[in-house]
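A.B. asks: Listed here are the chains, written in short residue letters.
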Amino acid sequence: MSTVSTNSAALDSPGADSRTCGTTGLKVCLAAQRFIKLNAVAALVFLLLGGIAAILLALTRWQAVHLLPVDWFYRIITFHGLNMLIFWILFFEVAVLYFAATIPLKSRLFSRPVAWVSFGMMLVGAVMTNVVILQGKADVMMTSYLPLLAHPLFYLGIILVAVGTLIAVFNFFATLFIAKRDKTYEGSLPLVTYGAMAAAVIAVITLLHGAIVMVPTFTYSLGWTPEPDPMWYRMIWWGLGHMSQQVNVAAMVAIWYLIGYLAVGAKPVNETVCRGAFILYILFINLAAAHHLLVDPGVSPAWKMWNTSYAMYLAVLASMIHAFTVPASVEIAMREKGHSRGIFGWITALPWRNPGFSAAALSLVIFGFVGGITGVTLGTQQINIIAHNTMRIPGHFHATVVGGTTLAFMGLTYYVIPLIFQRDFIWRGMARVQPWLFGGGILLVSFGMSFAGSLGVSRRVHDIEYAGAYGPAAHLFLGLMGIGAIIAVFSLVAFVLMCVGTVLFGRKIEGRAMADWGVAESTVEAKPGSLAHAHWAMKGTMALTSVFLLCFAVYYFANWKALADVWPVQ
Amino acid sequence: MSLHVPEKNWFRAPEGAEKLWIGVALVWCFVMSLMMPYWHFRGKQNAKGETYAVSAEAFMERTQQFVADNRVGEIDGVPVVEPAPGSDAYLVARMWDWYPILKLREGETYRIHMSSTDLNHGFSLQPMNMNFQVLPGYDHVITMTPTTTGEFPIICNEFCGIGHDRMIGKIIVE
Ligand code: HEM
Ligand SMILES: [Cu+2]
Ligand SMILES: [Cu+2]
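Top line first, the protein sequences correspond to chains F and R. Note that the first sequence covers residues 1 to 570 in my numbering. Note that the second sequence covers residues 571 to 744 in my numbering.
I should point out that these hints are in silico values taken from the structure, not numbers from a laboratory. All C-beta atoms, glycine included, are put in the ideal place defined by N, C-alpha and C. Each statement offered as a hint is correct.
Derived DEER-like restraints, expressed as beta-carbon distance ranges:
1) F:Leu-67 / R:Glu-678: 41 to 49 Å
2) F:Leu-67 / R:Thr-713: 39 to 47 Å
3) F:Asp-229 / R:Lys-589: 43 to 51 Å
Lysine-lysine pairs mimicking BS3-like chemistry, simulated, CA-CA at most 25 Å apart:
4) F:Lys-183 / R:Lys-578
5) R:Lys-578 / F:Lys-180
6) F:Lys-37 / F:Lys-106
Work the whole structure out from these sequences, hints included.
C.D. replies: Structure (structure tokens):
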């Protein structure tokens with residue numbers, strides 16, 4: 001396949017470099033396949049590095065173990081933040097973009113050289129940043145707030161990763177363009193591609209913020225330009241740091257829909273609603289940087305309130321909509337398959353032993369019930385006073401970006417490896433429990449962190465004993481976090497080994513279908529399509545979302561009460 | 571279906587339970603956004619972010635003046651300073667201490683100016699767990715009314731280098 005854009009994008013045109021998937025019957029562009037593989041493998045390597053760092057950190061913050069010396073603690077926390085939040089997530093997302101633009105649209109990838117340039121830049125940047133960190137020349141945390149200053153190559157590495165990712169996003173949009181132009185598909189984009197497109201749009205805005213903040217910091221670190229203002233830095237950095245989380249959310253939600261389809265055959269109850277919710281993400285996330293600056297000087301309360309609520313709560317609305325439409329689509333599919341006993345009968349019949357499905361389902365529950373509720377509450381302007389920079393913050397985002405996004409990405413990997421690498425998974429028994437271990441471990445981590453934070457324990461601190469402010473309860477919760485971390489990291493390492501082992505030694509799939517993980521079965525009472533117009537049939541989803549809303553309200557108002565108990569302050 | 575092109579004419583207004591949920595969620599989002607302005611006017615704990623530009627030297631000078639005028643003692647070499655109720659107090663954050671120790675009276679209100687002379691620091695008062703950001707170049711004024719007595723450690727909760735965890739200050743309330 002050449003990159004000359006006069007070639008048709010259609011995979012069934014003569015000379016197209018493609019194969020037919022033995023499982024789904026879909027055509028797979030071989031160029032896209034190569035770059036999905038490369039980016040996924042790189043992502044797994046960074047996940048492993050970040051996981052090793054994670055256990056070192058948790059066993060240091062667990063004061064009874066207190067593993068790392070002080071300088072290495074700050075070094076490793078910088079390393080963990082970047083390898084996990086930036087490298088693991090971005091490489092995986094690029095793989096998702098290449099998938100979403102080609103296979104569902106029956107299109108080829110726009111350009112192989114562009115994909116190489118992107119991958120090369122990202123890899124060089126990530127390796128450069130890691131080397132600088134491990135050499136001890138960038139003990140600045142991933143946020144690198146000025147006037148803290150790291151070695152110039154630290155910033156250059158991050159800039160390379162960001163620009164490399166932008167180039168991949170360009171390749172994605174160019175592929176959408178040629179697919180449309182050459183009519184490889186009829187009508188509207190499939191929902192998965194649509195969700196990926198929402199993620200890509202937000203990624204562009206995000207990465208531009210990254211360039212705006214990182215380039216002057218890089219030139220300052222070289223002594224070429226004056227120091228940027230530290231408050232300006234915080235504001236623009238969080239334009240990068242927070243919005244990129246919306247990229248993750250959009251990608252994760254797209255994966256929920258995809259796995260709902262693959263494992264249960266679910267289809268959206270109402271396409272308009274699902275698509276509209278993705279649009280809300282794009283429109284209303286750009287100001288969410290505000291909720292990292294709620295107790296900062298120099299920004300007015302009106303600015304903080306407007307930007308944290310108006311913009312954020314419509315993005316919250318979007319997530320609450322997906323939190324209904326995803327389980328509703330699954331429930332309707334299950335009821336049509338004949339699992340219609342009571343309100344929750346369909347839940348027991350779900351394919352819980354399918355690791356792709358269980359990972360996606362746990363991801364939805366952890367993201368919604370823990371990550372979402374805590375996030376909105378902590379991001380409330382005044383409540384932030386009793387939460388800012390405490391362990392409540394990592395407690396929150398380990399439920400969103402780890403229990404939510406990372407677990408969803410793991411779930412997808414259980415399909416990506418058989419379908420794209422064409423190997424059947426080894427250790428299938430381990431695979432079936434892995435999402436449960438990871439989800440359970442991360443829940444303990446998140447609870448331990450959150451409760452320790454409520455007792456005043458600060459994040460990013462090597463040793464809490466100097467303060468003389470914390471009793472046995474705080475230590476207990478840090479211990480709980482430590483135990484959760486052991487479980488989660490065990491499961492993470494098992495996951496990476498399983499993936500690598502499968503890629504190297506798994507049974508080859510050529511032309512045949514992948515070994516199935518298990519899908520929801522139909523009973524004799526199955527009536528496909530019978531509920532297409534039953535707008536109140538998702539009784540279980542209604543019950544679950546009501547419980548969710550109740551938990552949300554209780555947690556939210558309990559925090560206002562806790563705030564009312566501290567000293568008056570203006 | 572999410573992997574395939576949707577059926578033609580997929581545009582449909584939400585119906586039934588889905589419509590109800592969207593309505594309920596929207597109301598809830600609205601309630602949450604109204605809580606903040608409500609608390610701004612009626613609540614007692616707000617982060618108003620009152621701020622003035624200040625250089626590190628000027629802020630240090632004001633603090634030294636404040637210490638000289640109001641000094642009442644010394645603990646481990648750090649001056650203990652008691653501002654008059656209702657007046658301005660100064661607190662410097664720097665690698666790696668909080669200067670000076672403030673002595674306040676229960677039920678009185680103080681305007682506490684905080685700034686850093688080097689990096690970002692975080693003001694975190696324990697065990698109330700009240701947290702504010704302290705930046706160089708910014709004089710961040712927190713108007714605070716202690717309502718409990720005792721000795722309260724201030725810990726730094728923004729990473730500021732190797733001595734970050736030892737950056738502990740103190741507020742005494744009588
Ligand atoms: C696998 C299990 C994991 C464990 C046990 C774990 C544990 C930890 C711990 C103990 C900290 C330090 C908290 C502090 O002292 O402030 C931390 C920080 C962090 N983690 Fe994780 N983590 C895990 C996975 C992840 C993943 C998958 C991501 C992202 C996708 C992630 C993102 C972060 C970030 C962004 C920070 C903040 C770093 C900073 O403060 O600069 N973690 N994690
Ligand atoms: Cu400090
Ligand atoms: Cu500090």
